[in-house]
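Same order as they appear, the protein sequences are chains A and B. With this note's numbering, letter number 315 in the first sequence gets 315, and the count goes up by one each step, no holes. Numbering-wise, this note's numbering comes out as the position in the second sequence, counting from 1, plus 1000.
Treat the hints as calculated values from the structure; they're not laboratory data. Warning: the hint list may mix true and false statements.
To be verified - Rough simulated footprint, nothing fancy, chain B against chain A, three-plus residues with beta-carbon under 8 Å:
(1) 98-105
(2) 153-164
(3) 348-362
(4) 509-522
What the hints assert, rightly or not - Not everything, but these chain B residues come out facing chain A in the computed CB check (under 7 Å):
(5) F1010
(6) Y1012
(7) K1016
(8) D1019
(9) E1020
(10) L1034
(11) C1057
(12) P1094
(13) L1098
(14) I1121
(15) A1161
(16) T1162
(17) Y1166
(18) P1185
Backbone N, C-alpha and C define an ideal beta-carbon position, used for all residues, glycine too.
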Amino acid sequence: MKVITTDVLIIGAGLAGERAAIASAQAGLDVTMLSLVPPRRSHSAAAQGGMQASLGNSVKGAGDNPTIHWLDTVKGSDWGADQEVARIFADNAPIAMREMAHFGVPWNRVEGGPRDVYIKGKKTTIVEDFDNEGLITARDFGGTAKWRTCYTADGTGHTVLYAMDNLAVQLDINIHDRMEALSLIHEDGICMGAIVRCLRTGDIMAYMSKSTAIATGGYGRLYGESTNAVINEGTGSWLALQTGQVPLANMEAVQFHPTGIVPTDILVTEGCRGDGGLLLDVDEYRFMPDYEPEKQELASRDVVSRRMKEHILKGKGVQSSYGEHLWLDLRHLGEQHLTTKLREVYDICMYFIGVNPIKELIPVRPTQHYSMGGIRVNKDGHAYGLKGLFALGEVANWDMHGFNRLGGNSLAETVVAGMVVGEKIASYTKSAELNAKVTLAEKFAKEQTDLIHHLMNNDGSENVYAIRDEIAELLKDHVHIFRTGENLEKAVKGLKAILGRIKNVKVRTSAPGMNPELSQALRIEGMAKQAYIIAQGALLRTESRGAHTREDYPARDDKNWLNRTLATWAVGADEPAFNYEPVGQLDLPPGDRGYGGGQMIDMDLTIEQYNAKVDAEQTALGKHPTSEPIGFRIPKELWREESPYKDAK
Amino acid sequence: MARTLTFKIFRYNPTKDNDEPHIETYELEETPRLNLFTALHRIREKQAPDLMYDFVCRAGICGSCAMMINGRPTLACRTLTSDLSDTIELYPLPFFKLLGDLSVDTGVWFHDMAKRVESWIHTQKEFDPTALEERMDNATANKIYGSERCIECGCCVAACATAQVYPDFLGAAGLNRIGRFLFDPRDQRGEQEWFELVSTDVGVFGCIGMMACDDVCPKDLPLLEVFSYIRRKMNSGVQVAVQDLELS
Ligand SMILES: Cc1cc2nc3c(=O)[nH]c(=O)nc-3n(C[C@H](O)[C@H](O)[C@H](O)COP(=O)(O)OP(=O)(O)OC[C@H]3O[C@@H](n4cnc5c(N)ncnc54)[C@H](O)[C@@H]3O)c2cc1C
Ligand code: SF4
Ligand code: SF4
Ligand code: FES
């Protein structure tokens, strides 16, 4: 077996992985990145709308600062976020945008003078400040107090990833693409690398490293109907879960984006609504202001998706052979806008569904989009349970998003986490030893070669694609926007039955090389187990918070559920184990989000009592010590300076 | 009435002993708004479990899925069968290394191209985290973005006569990348450096200007405009080179 050694092994070469790799390379370490696909094809490239940072250059962003960004983020999370991590994020986001400008991103810039925009359905003229001409501009996104989303037309992920990868090429960072990590090599609570399958040759090999970081993106494809790329099948979170030692957190917190197009589920960006797009029903009536008079189409995603579903349930959906949907109206934005600032959206509508958005309405419905949950890490990005293992980007639960992430905050998170966690990885690695124990690598490799042998040679007759579709069906039918105990029980039961059938999956072809059916079969256990954790976690959480909406428990329950779900799956166990930890130190006390409505059950602890238990309870569940004490980065009560609190005093 | 489509697909697995390139035929019922992403998955899942091809975004954004569709290089994911004849011929892109069936190694070629054209901002300036970003006018940003939109799908290279003859030719994608950095005021490469990079027969002088690339580019990049900009720049580059000669 081929064994490759490196100081730092980064699994995943999207924005998060690449930025972290760059941090280590700049610290003089030997870095190797693995990716299923060439780095520039990673799903980060598909992000359209933009990334949030409180630069405040546009007149509609004037007065913005990291505290306001932080407030929006914590409220958006429905108080599920770790407020300190959200703070680290909001403070660093402006630096990250400027650094990306330095690396070559052609951000759209402020043009001084008047221009026409659409705000809350009305054409309005705004006047940009000539003093800010040429600085990075921003557009509006949901759930924010200011226009804060920096963009390059609607190809933001593409330009940021290309700039990042250009730098990785310049620094000559090793990139091994068409490689799939299958399991982690670990012993005595320390991670030592990964077992990897080459997707060109089918060879199994080992990468051994001083530190390992997982940056593999989301798991949206578990839902089948998802805006995510087809490679987003949860293989990275499975690496962690498989160890039996690293918990996955808040997996029940799944985001549904209001505007997936029907059919095909391809996303059209929130920037459409940010730039003035409207949601219409079967009567071409604009319904959002009735539900959300203040934020209208630009409430947070969980709220808009819920309202859309609610409206459809009232009989106001548009019937089609692909099920019911609503309309997104961009016609009033005009040809010039749609063929420049929303050009990808225009292309997608024209090519995929034959709709010309200049003249026609776009059929949309809420579609699985983002995974708030993931590998639980401390604020340094260090995974709970295993030393030397880090995680960042969408696959991680760092946890600045809680139960709902704001549009534009994820792409920004990848780059900020890449900077912040990237530095922690580098400093950890500098003091770590390389323990290239080949016998250990061989033991873990054998588990995979045995599994491959089993998949090719067993007597079963289960078809892997059919099982994949059944998992998706269960999640779609029972663990979607609106959830009930009864439905969730059905999902759990169904998934349990599927788990029992996985060992009978049989791969029909023994073709060497890429063998796509074998690749799918190697992923299926991880997909089924994660689906199980999503469903079971949702069943256990008897409250509604952010994107997790229980019809039978409509209130947000801060008394019992102001916590984070942690699920581990012991090796050989039939079921996962669930634990709960405090979300982190609170600075902004739980309150009303200002949109979305809903009841609340107040917490019975004081903030001080709550905060006092955070460190110990998290440590008991596997949190490693952090480089700075918990709470260190929270500037206490700075939010009191900002509206609406300032005015409320 | 629904059509029955006949797919003639190039098959060859270089990792398999004794395999030879050949064509296999599959039939598939056409459904409304069927695209080749869905069609190929249906064929793979029901008829040919070892069929190799590449899709990632399935939204025309990532550049993974280019192939020869009835003789023309383009993105499979956004090609609707309703725009094609009853018989659909699929071949891998020529020029790139074949990994198997319809899958080719565009990633390695583009990585190498990025190295050759030094596809990054050349600057002496250090990033200062405490300073405002450098200003740029929005028109310049848009101009850069116009070239930056290339998704590295490889269609232009597959269609290019020069590339088939000179394997080192940078191709339209490579020249476009050079244009992207020439447009960018942050890049401080001088005329001479550009001249050395571009003015060889693997660079802009290798291009015979028939613009097959422009015709096939699925992102409608302004390749014609970019090439003429480079040529203009290089003509002034020749003058710089001549001046250097006279001075020495
Ligand atoms: C259509 C769409 C549009 C979006 N638009 C926005 C937006 O406008 N703003 C915003 O903030 N967010 C947006 N998001 C979310 C955001 O784009 C993602 O959350 C983010 O890009 C994830 O980046 P990442 O680096 O974590 O992972 P990715 O970019 O997904 O990269 C994952 C990497 O891991 C590799 N990988 C995966 N598994 C393995 C394995 N087992 N072995 C080896 N390598 C592996 C992959 O090859 C890839 O290189 C959007 C998401 C979607 C789906
Ligand atoms: S103009 Fe012709 S020769 Fe030149 S890059 Fe395009 S296809 Fe190739
Ligand atoms: S220039 Fe066009 S055809 Fe060529 S690689 Fe880029 S996107 Fe594809
Ligand atoms: S799959 Fe991404 S462009 Fe076709």
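To see whether the hints hold, each was checked on the structure:
1. 98-105: holds (count 6)
2. 153-164: Answer holds; 5 residues pass the 8 Å Cβ test.
3. 348-362: Coverage by chain B holds for the stretch 348-362 of chain A (5 residues, Cβ < 8 Å).
4. 509-522: Result for this restraint: holds, n = 8.
5. F1010: Since the shortest Cβ distance to chain A is 15 Å, the answer is violated.
6. Y1012: This hint is violated: Y1012 (chain B) lies away from chain A, its Cβ roughly 11 Å from the closest one there, beyond 7 Å.
7. K1016: 6 Å, holds
8. D1019: 9 Å, violated
9. E1020: Result: violated, 14 Å to nearest chain A Cβ.
10. L1034: 10 Å, violated
11. C1057: 5 Å, holds
12. P1094: 19 Å, violated
13. L1098: 11 Å, violated
14. I1121: 4 Å, holds
15. A1161: 26 Å, violated
16. T1162: Result: violated, 24 Å to nearest chain A Cβ.
17. Y1166: At about 23 Å, which exceeds the 7 Å cut-off, the nearest Cβ of chain A leaves the hint on Y1166 (chain B) violated.
18. P1185: 11 Å, violated
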